[in-house]
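These are the residues of each chain, in order.
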Amino acid sequence: MLETVAQAVINGLLIGGIYALVSIGVTLIFGVVKIVNFAQGEFVMIGMYLSFYLATQFGLDPLLSLFVTMPALFAAGVLIQHFLIRRVLGPNDMPQIFLTFALSLLLLNLALMLFTANYRTVHTSYSDAALHFAGLYVPVAKLIAFVVAMALSGALWVFLHTTDLGKAMRAAAQNRDVATLMGINPNRVFAVAFGAALALAGAAGSLLMPFYSAYPFVGQVFVLMAFVAVVLGTLGNVIGALVASLMMGVAESLGIQFVGADSGLIVVFAMLLLTLALKPTGLGGGRVR
Amino acid sequence: MLELSGASAAYGSVPAISNVSIEVGEGEAVGLLGANGAGKSTTLRAISGLVRLTSGSVTFAGSDLAKLPPYKIPELGIAHVPEGRQVFPEMTVQENLEIGAFVPKAKADRAQTMELVYQIFPRLAERRRQLAGTMSGGEQQMLAVGRGLMLKPRLLMLDEPSLGLAPVMTDVTFEKIAEIHRMGTAILLVEQNVSRALSLVQRAYVLESGRVIMHGTSAELAGNREVQAAYLGI
Chain A
1 MLETVAQAVI
11 NGLLIGGIYA
21 LVSIGVTLIF
31 GVVKIVNFAQ
41 GEFVMIGMYL
51 SFYLATQFGL
61 DPLLSLFVTM
71 PALFAAGVLI
81 QHFLIRRVLG
91 PNDMPQIFLT
101 FALSLLLLNL
111 ALMLFTANYR
121 TVHTSYSDAA
131 LHFAGLYVPV
141 AKLIAFVVAM
151 ALSGALWVFL
161 HTTDLGKAMR
171 AAAQNRDVAT
181 LMGINPNRVF
191 AVAFGAALAL
201 AGAAGSLLMP
211 FYSAYPFVGQ
221 VFVLMAFVAV
231 VLGTLGNVIG
241 ALVASLMMGV
251 AESLGIQFVG
261 ADSGLIVVFA
271 MLLLTLALKP
281 TGLGGGRVR
Chain B
1 MLELSGASAA
11 YGSVPAISNV
21 SIEVGEGEAV
31 GLLGANGAGK
41 STTLRAISGL
51 VRLTSGSVTF
61 AGSDLAKLPP
71 YKIPELGIAH
81 VPEGRQVFPE
91 MTVQENLEIG
101 AFVPKAKADR
111 AQTMELVYQI
121 FPRLAERRRQ
131 LAGTMSGGEQ
141 QMLAVGRGLM
151 LKPRLLMLDE
161 PSLGLAPVMT
171 DVTFEKIAEI
181 HRMGTAILLV
191 EQNVSRALSL
201 VQRAYVLESG
211 RVIMHGTSAE
221 LAGNREVQAA
231 YLGI
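For the record, the sequence lines run as chains A and B. So the first sequence is residues 1 to 289, counted in my numbering. So the second sequence is residues 1 to 234, counted in my numbering.
If you're looking for bench data, these hints aren't it; they were derived computationally from the structure. As the structure is a computational prediction, the values presented were derived from the model and not from experiment. Glycine residues also receive a C-beta, built at the ideal position from the N, C-alpha and C atoms. Each hint should be verified, as a subset may be incorrect.
Unchecked claim - Which chain A residues stay away from chain B? Per the calculated CB distances, all over 10 Å, these:
(1) Ala72
(2) Arg86
(3) Ala117
(4) Gly135
(5) Val138
(6) Val148
(7) Val158
(8) Met182
(9) Gly183
(10) Phe258
Claimed, not checked - No more than 20 Å apart at the CA atoms, straight line, and that leaves these computed lysine to aspartate or glutamate pairs for DMTMM-like:
(11) Lys105/B with Glu83/B
(12) Lys72/B with Glu115/B
(13) Lys105/B with Glu95/B
(14) Lys72/B with Asp177/A
(15) Lys67/B with Asp177/A
(16) Lys107/B with Asp164/A
(17) Lys67/B with Glu83/B
(18) Lys105/B with Asp93/A
(19) Lys152/B with Asp164/A
(20) Lys67/B with Glu28/B
(21) Lys152/B with Glu95/B
(22) Lys176/B with Glu28/B
(23) Lys176/B with Glu83/B
(24) Lys152/B with Asp171/B
(25) Lys176/B with Glu115/B
(26) Lys72/B with Glu3/A
(27) Lys152/B with Glu220/B
(28) Lys72/B with Glu179/B
The shape of chain B in the complex, shown without the other chains:
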């Protein structure tokens, strides 16, 4: 469904990823692992068009994403939950969710989808009138994921959903992501927490200095010492 092939991107003259090829199938859960600065976030940003490819290609369900302006990409069903949550701080929880369903296709089912999001995250329902910026980090993470779900995505891309969360909140967040995956949404998960990530995804790619150095099933990677090394940046 999603296919990056030989993708390179740079910030100015600083290369961020080079020759990255990854695939995510319909309904699959795939991990993108690696140390800080390995190019994981850039890979997601390249898919959602916030960073332009300097070479290579990125396609989703047959559409060439490089040809689309970034704001058209969500319309295809790609939701990107950015690193550090980045909810709209001065809007209420409900407004954040409404904006999540801004594209016409999602807007048509907005009320229904919102009910579903409130079922998955009852905490958000309790806080629907609260300004998002006043909530705790864990609650904001739920909101960021919920806002992504409002798009009714075929592919949900999550960038470090456990970042800065207490272990208990991380447990909850990962449970919810697994629940969303079981409902049929494909997941592309960027995560620092290797063991957690591998317990959730079926396959994963390991990035180092902007390149894919390894990929395999979760079982294969879980026992691999090089994976741990890539994380520690040795």
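The shape of chain A in the complex, shown without the other chains:
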């Protein structure tokens, strides 16, 4: 029994690391640019297809494709912010909601057209490898994904807290007008935030590829979890999103283990509703930290 629980917790933490990459991106964009990016999951999907084609066409290991997907999606983020998001930033939220929602649908349907609805997988030498200890089973590909996800999340935190640009980003998140009075160009900060968020989504794509299938709707799985994590962890709070993502991974995994294979999301959303009822501001408190 204890072993089963421990195994479920491990499984949950491992996938929670991926949820964290997606939710940190959503929360960063929300905290800094003040918009909800409904298309975040589609950028995970694009990261996966990029990684898939680099592996099948050029024989590049999906994990190494990080070095392509992250810069490529960073650039895409900067361009999307500059040419699309910037034009709808204003006192009215509706154009922003429609814009990112439309972007999500556009990317989804483009993917259906270009890649078809087929499931694509990449088989690596470590795809089936696993570590065994104390009767527990830890798949290597998922472990690597988890470790890299934590490292990237940590790197973002260090960036936000130690570099001038990172601090400028937090300042702009807390008070856009006053940040401008300090000489911070809000558009530049927004572009970097959007780029960084998409780079994390791209990283999630590369990290998933060795053990998860790419298909046009794959992003929806992760974005749903990300939105719950972002609310649970308090909108705009990076550490909150990270912790909530790991908690949700574990809750989902325990649900699957002890309630039934299809109950993962039920447990997660029950958690969300309970949290909103008891502590509507989320568990994290505060804004971009």
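Could you slot chain B onto chain A? The hints should help.
Just chain B, lined up with the frame of chain A:
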């Protein structure tokens, strides 16, 4: 050094200031007085580019501020300490000060300037690791002024620095502003507290309903009953 001439600005279709002309010379301390809603804050916001002029001009040391994006204006040496302090609440005191010296020119001397700010406001030095949002109103006001000083400004614009402060803290704040002025920084002070403001500045403008209705030296205005009237909004 700073010159607003015939400046008008509006929020949407609601005019906020019209035909305002003011000047601040190098190293001078000038007051902007008037009742709530007279357009004092809008005048400062128009100088720092947060509100765009609908007509008239604003220049600083020869540069046309209306042609610059707002974030370029601090680079010229204009620091704006906004109304209600508005420190970055979830950043430490030290981080707030660091952000104050974000522009390249100020960044080069950041460590030095920070020492100076800590000398002027020893309380901030004691609290350098504290989150700004957790400090008292008076301490946040010191931080807001200190953050403005981090720019090494030629002109320091202060919007109601005494707002919401206990009288003792107001005394301290005004002493510090006078000290900063003696160090050679020009001051543009928006203040509700007329007598305090006039004890600090050399000249002042009185605004009413978005227009300059009077200006003169502190001595001239101190004895003027219309100034009191403008404040009470009679």
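Practice problem: Mind verifying the non-interface call on Gly135/A? Its CB should be farther than 10 Å from each CB in chain B. | Solution: Gly135/A clear of chain B: closest Cβ-Cβ about 44 Å, beyond 10 Å.
Quiz prompt | Pair hint Lys107/B and Asp164/A, alpha-carbon separation not exceeding 20 Å | solution = Within the cut-off at roughly 10 Å; holds.
Practice problem: Over 10 Å to the closest beta carbon of chain B is the bar; see if Met182/A clears it. | Solution: Per Cβ check, Met182/A is inside 10 Å of chain B; nearest 5 Å; violated.
Quiz prompt | Pair hint Lys152/B and Asp171/B, alpha-carbon separation not exceeding 20 Å | solution = Measuring from Cα to Cα gives roughly 23 Å; hence the hint is violated.
Self-check item: Val138/A and chain B, when compared Cβ to Cβ, separated by more than 10 Å
Solution: At roughly 37 Å from the nearest Cβ of chain B, Val138/A sits farther out than 10 Å, so the non-interface label holds.
Quiz item: Non-interface claim for Ala117/A: all C-beta distances to chain B beyond 10 Å?
Solution: Fine: 44 Å to the nearest Cβ keeps Ala117/A off the interface.
Exercise. Please work out if Lys72/B and Glu115/B have their alpha carbons no farther apart than 20 Å.
Key: 25 Å, violated
Exercise. Take a quick look at whether Lys67/B and Glu83/B sit within 20 Å of each other, Cα to Cα.
Key: 25 Å, violated
Quiz item: Lys176/B and Glu115/B: Cα distance at most 20 Å?
Solution: 15 Å, holds
Quiz item: If you draw a straight line from the CA of Lys152/B to the CA of Glu220/B, is it 20 Å or shorter?
Solution: 32 Å, violated
Self-check item: Verdict on Gly183/A as a residue remote from chain B, using beta-carbon distances over 10 Å
Solution: At about 4 Å from chain B, Gly183/A fails to clear the 10 Å cut-off, so the statement is violated.
Quiz item: Is Lys176/B close enough to Glu83/B, meaning Cα to Cα at most 20 Å?
Solution: 17 Å, holds
Hint violations for this structure: numbers 8, 9, 11, 12, 17, 18, 20, 24, 26, 27, 28, all remaining hints satisfied.
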